[in-house]
Every structure is written in C-alpha cells, then in structure tokens.
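Novice: What follows is each chain in one-letter form.
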Amino acid sequence: MNMISLNTGLIIAGILFSIGFIGLMIRRNMIFMLLSIEIMMNAAGLAFIFAGSRWAAPDGQIMFIFILTMAAAEVSVGLALVMQLYQKFKTLDTDAASNMRG
Amino acid sequence: MYDLLWLVPALPFLGFLILALFGKKLGKTISSWVGVGSVGLSAIITLLIGFQFLTDPPQGHVFAQKLWTWIAVDTFHVNIALHLDALSLVFIFVVTFVGFFIHLYSTEYMADDKGYSRFFAYMNLFVGAMLMLVLGDSLLLLYLGWEGVGLCSYLLIGFWYNDPANGYAARKAFIVTRVGDAAMAVGLFLLFTSFGTLDIQQILSAAPQTWPVGNHLAIIATLLLLGGAVGKSAQLPLQVWLPDAMAGPTPTSALIHAATMVTAGVYLIARMHGLYELAPQSMLAVAIVGVATLLVAGFAAVAQTDIKRVLAYSTVSQIGYMFLALGVGAWSAGIFHFMIHAFFKALLFLGAGAIILAQHHEQNMFKMGGLAKALPVTFWTFLIGSASLAAVPLVTAGFYSKDAIIWFAWSGPGGNIYLWLGAVFGAILTGFYTFRMVFVTFFGEQKIEISHYPKWTIHVPLIVLAFFALFGGFIELPGTMGHLTLFSDFMKSVLPVEMAHHESASLELFSQILTATLALLAIYAAYVLYLKKMEVVTRFTNTALGAALQSFFLSGLGFDWLYERLFIRPYVWIARINKRDFIDLFFVFLAWISRQFHYLFSYTQSGRVRRFVLGLALGAVVLLTIVVFL
Chain A
82 MNMISLNTGL IIAGILFSIG FIGLMIRRNM IFMLLSIEIM MNAAGLAFIF
132 AGSRWAAPDG QIMFIFILTM AAAEVSVGLA LVMQLYQKFK TLDTDAASNM
182 RG
Chain B
392 MYDLLWLVPA LPFLGFLILA LFGKKLGKTI SSWVGVGSVG LSAIITLLIG
442 FQFLTDPPQG HVFAQKLWTW IAVDTFHVNI ALHLDALSLV FIFVVTFVGF
492 FIHLYSTEYM ADDKGYSRFF AYMNLFVGAM LMLVLGDSLL LLYLGWEGVG
542 LCSYLLIGFW YNDPANGYAA RKAFIVTRVG DAAMAVGLFL LFTSFGTLDI
592 QQILSAAPQT WPVGNHLAII ATLLLLGGAV GKSAQLPLQV WLPDAMAGPT
642 PTSALIHAAT MVTAGVYLIA RMHGLYELAP QSMLAVAIVG VATLLVAGFA
692 AVAQTDIKRV LAYSTVSQIG YMFLALGVGA WSAGIFHFMI HAFFKALLFL
742 GAGAIILAQH HEQNMFKMGG LAKALPVTFW TFLIGSASLA AVPLVTAGFY
792 SKDAIIWFAW SGPGGNIYLW LGAVFGAILT GFYTFRMVFV TFFGEQKIEI
842 SHYPKWTIHV PLIVLAFFAL FGGFIELPGT MGHLTLFSDF MKSVLPVEMA
892 HHESASLELF SQILTATLAL LAIYAAYVLY LKKMEVVTRF TNTALGAALQ
942 SFFLSGLGFD WLYERLFIRP YVWIARINKR DFIDLFFVFL AWISRQFHYL
992 FSYTQSGRVR RFVLGLALGA VVLLTIVVFL
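Chains as they are written, first to last, in the numbering used here: chain A, 82 to 183; chain B, 392 to 1021.
Careful, some of the hints might be misleading.
Here are some of the chain B residues that sit facing chain A, going by a computed Cβ distance under 10 Å [said to hold, decoys possible]:
#, residue
1, Ala982
2, Ser985
3, Gly998
4, Arg999
5, Val1000
6, Arg1001
7, Val1004
8, Leu1005
Covered stretches of chain A (in silico footprint by chain B; criterion: 3 or more residues with CB under 8 Å from a CB of chain B, positions within the stretch not fixed) [as the list claims (entries may be wrong)]:
#, stretch
9, 101-107
10, 169-180
What the hints contain is simulated information worked out from the structure, not anything from laboratory work. From the three backbone atoms N, C-alpha and C, an ideal C-beta is built for every residue, glycine too.
Modelling step: build the complete structure from the supplied sequences, incorporating the hints.
Specialist: This is the structure we're talking about:
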C-alpha cells in the first residue's frame, strides 16, 4: 500500500481549508457558509489524520473523532440559527442581518 | 426605671428601621401606629424617668448608662453612653413629648400623601438622632446626633422633591449648616488636642485647671463651637437657611425647624457652659449674636406675607433671645425659654398647618381672613400661642420666660444696658408681627372657603400644647411676682445659678412694666394698622421709600442678596476659570483621544458576518506570522 507522504497530505488539507475559507468569505447564503465551515473542519481533521499516521500515534484519530462530534453539534446549532434567520428576515442572506452595526 | 433610658432613643430608631425597610408594605394604619407609637412610648418612658428624677434623684443628679464601646484606639476611647442630667432631661422631655403630639398631628396632616410611611420614617429617625444628640456623653456622640438631625432636616425640607425649589431649599439648609459644622469639627479637634478626650464631663472638669480665664485657646475653642451653634440654630450670619426650610411639610417645620433641632445650638452652648465661663469674650460674642439676630429676624418678620415665613423669622428671633440669655450667663433662663418656646412655637406651626390645610394649601395670609368663626379651636389655640410668643403679661408662659431673659440682659453677669435695649426693642417687634399675623389671618372677611375641617388628631395636639403655652410658665416666677424658682432649682445641678449683679426689685419691676406696656402697645398698633386702618399701610408701601423698605425687609434684610454676591458668584467665577486649567487639559485630551478610537473601532462593527470572518483571518495571519517568523 502506497503511503502518501505527510507533505502531500498537508498540502491537500491546506487546499481544502482554503476552499472552505474562501467559500465562507464570498458566500452570502448561510447554508453555504455552514457547508464551507464543514469543509474547513474536515481539512483540519485530515491534517490530524496525516500527522497521526506519520508518527504512528492514535492521537490524530482521537482528535478527528472530536472534530466530528463538534461538527455535529455545530451543525445543529447552526441549522437552528438558519431557521431563526429565515423566520425573521425571510431570506438566508447574512448581509440582511446586519442591524447590529456599531 | 433609669435602666430603661436606652429605650428612649432606641425606640424611634427601631420605628425608623421598620418603616424604612417595610414601609411600603405596611399600609397607612400600621405605619402610623409604628411611627407615632414609637415616639409615644419613648415619651411615656421619658415621663416616668422624669418623674423618678424629680422624686428620687440619682447620685449627684446624674445618671450615666454605658451601652458599649464605640471606638477604642490606644488611649482614645469613645463609648456609646448616655448621660442623663437635668439639662438633658428637659431636652428629651421636649423632644419626645412635643414630638409625640406633632407625630399624632401628622397622621391627619399627611393623610393623603403618597410618601406617608417615608415621612414617618424620617420623623422617627430625626427624633432618635436628636435624642442621641442631647443624651450623648461625649462630643463625638453629640456630633453624630448633630449630623443625624441635619440629615433628617435635609430629607424633610426636600420631602416633596418633585418641586425643584424644595430641593434647592434643602440643599441650601444642608450647605449653610455645614459651614457651621465645619467650624464645630475644628473646635472638637482643638478640644481633643488640649484634653486628650472628647468626654464632655471630663473636658468640663479638666478645663478650669488647664485654661485660666480669658485663655486664648479657650476663646478660640468656644468661638468655634459657637460657629456650629450659629449654623444649626440659624443665628446671624448663618440664619438664611431657616426661612427657606419652610418648604418642608408643616409638621416638620413645627418639630425640626421650631421646637427641637434648631435649638441644638442652645443645648451645645449650655452643655459646654464650663468652657464659656473661661472665655468672657466668647460669652459676649454669644450675647451680641443673639441680640443682632433677634433684631434682624424681628424686622424681617414684620414684612413677610407667607404665614410660615413669619413663624420662621420669629423662631430665629426667639432663638436669638435664648442665645442672649446664654451669653449674659443666665443659663437656666435660656433653657427655660427654650422649653416654653418649644411649646408655643410648635403650637403656632401646627395651627398654621391646620389653616393651610383649610385654605387649599394657600400660605399667603393676606389672601386669608375671617377664619376665627370657621375654625374656632384653631383660632383660640393659635391666639394663645401668639399671646405667648408676644409675651402678653401675666397670663402667658412666654411672658415669664422672655421677661427673665430681658431682665438678665441688663442685670446678668454679662449684661449691659445696650443688650437690654435690644431685647426690649425685639419684644416690641415680636408683639407687632405676631398680632399682625393673627389679625390678618383670623379677622376681616373670609376670602377662601374652608377645604378641610380639622379632626381630633389635629385638635388634641393644639389643645395640649396651648395648655402648656399658657401654664408652663408658672413654674418659674420672677422675683417681683412671687419669686418661684422651681425650674432654676431643677437646673441648679447642671447649670450655675445666675446672679444678677444689681439685685434691684424696683429696677426689675420697671423693666417688666416697660416691656409689658410696649408689647401691648405693639399689639394695639398691629390692631390699628392691620384691622382698622389697613389703608395707612397700603399708602405707606405705595410710596417709593415704603416699597423699598418693604422689599428689603421681605428679603430678610438682603442677606441672601449679599451672600449671592459675596460668596456664590465669586465661587462660581473661580470654578469656571478653574475648569479650563492646564492640568485638566491633559485629561480632556485623554477623553478626546479615547473617543476618537471609539469612533474608529465602531466602523469595524459593520454587522456583516463575512467582514468578521475576514477580520479573524487577518488576525490569524498576523499572529501566525509573529509566531513563525519572530
């Protein structure tokens, strides 16, 4: 079985993270923003997995399970917020909910 | 019985606590039971203690009760301890007894007021603080009560705080008396550095050994104490606050600004009489302050139109008599006049309150008139009070107490003919302005219909106080008329007996007859001018000179005007200059720069989530750069 080198893995994780981050910044639809966050989290998880396999330590996988749990919790809160946003503003555009400016 | 002494101040304090903590929930009936009952119980205990004091006096005519130690630092000890002797007994009797009737009266006077329980809470706190003032065995405890009554005075003058004018009057009273209190505090420091204690009895017994008569420290200390007394008792030059203090509810004026608190200065000087005897110059100063005040206030009272302000100026004037008595060394005559004055002045204020209540809260007596028929009980009791204030000879208590002072102003240890002349002239003014008030208010035609007929809660206090205003004087009769000295014998254990330096019965009789005749003539003049020939007065006040005099006297001889220019404006001017000083510039700059940063940062709070994300990312990049490359 071909081992993918750590370098390659981290570059893939970095690309994934950047895609998610750019998506977060340029998207205005809240659903897509949540999706972008998921991608970023998975990128981070991927980096952990690669690091764990490189040093043959279980920590990386444990951290990934943590990240999965957190992502589940985050999605439940995030979706609740999406519902609220939609009920209040009849749109999913986050820029519409900008009335808390300083 | 003496062991119950601590209850006398404790009960009103307890009443205050209950009313202050639960006043809103208690409702009016229970509030009045707590408020009136606490003072009533202390009055009963005071009467029992007083009765025992008369029949079975304690050792040395002094009963001391140490409750606990308040402050103990090295050699400096202050106890919470009560000191009961003849002087404090007279004061606690007046405070609780007159106070009880004024509380009873207030249940009707304040019946429709929203702040009913708040009013009784303040009144109870006042009674408690006043009792601490007169019962405290050390000057520090006295000072505590002194400031406590000042606080209550402030709270009650500004009781109807919705009107800014009342708040202004309250602040004026507080600040003006504070001037005197500062002098008094310095006096206490001086006494402490000289004697190492603030215990009154220790100071009084140590003073004659430490200071010879005329010692300059004694003079300074007594003058500083006089400063405190002048502020609290509204004497020249700090008398300006009392007439404005009439903004408070009328029972407050009766209790605090006539019967008790304003006589605290008299108490202080009488209590420290041992020091004043070491400083004859200070005694003379006290007498001069008294005479000057009684004349100034007498003139001011002649022109007032507000019935309560007439009474306020007459209070200032009568306290002037007390100061005169103390200043010439007629100690017990001063205290005697205090007691009688408390009766008739409380009576007059309560009567005035009943009138104001019956006249739709109108206070200008020239808009009233003809109330004698409509309010018979109020009229007769008010007449008795006025007769006592004007010292109508033989039948009223005020005659005996004031006559003694006028005679001692001439014949007392520090008396002289000028003080006597001033006192006699003051008696003429008193008779005139008092009966001017009576004739204008009660006679002539009725102008406003009656809005409230007093019930028993107003009538009973009036009648009881009227009884004392008539007959209270018979316990001390002058040498020419029976020579009864029950009161001064009673005070002998505390205050030295006054010695007339020329015992002359014929001179005394001459003084009495002259004063009495002049007072009666003044009453007759008031009758002619204000009942029969009102047009003479009107014609006079319409001339340029008359109008000028009228407004000069109405303003209380222009003291407010003078102080406005002498103190307030320069102070405001300096404060305004000081506002832009160099050091402040730095702080103003600090405030300015932080406000600019505030505006700058508030732009970043756009409310757009994506901007926040960008900010986060930039922050993370900056932090990572720092961590990786530095």
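Novice: When the structure is checked against the list of hints, which entries are broken? Sort them ascending.
Specialist: Hint check: 1 and 2 fail, others pass.
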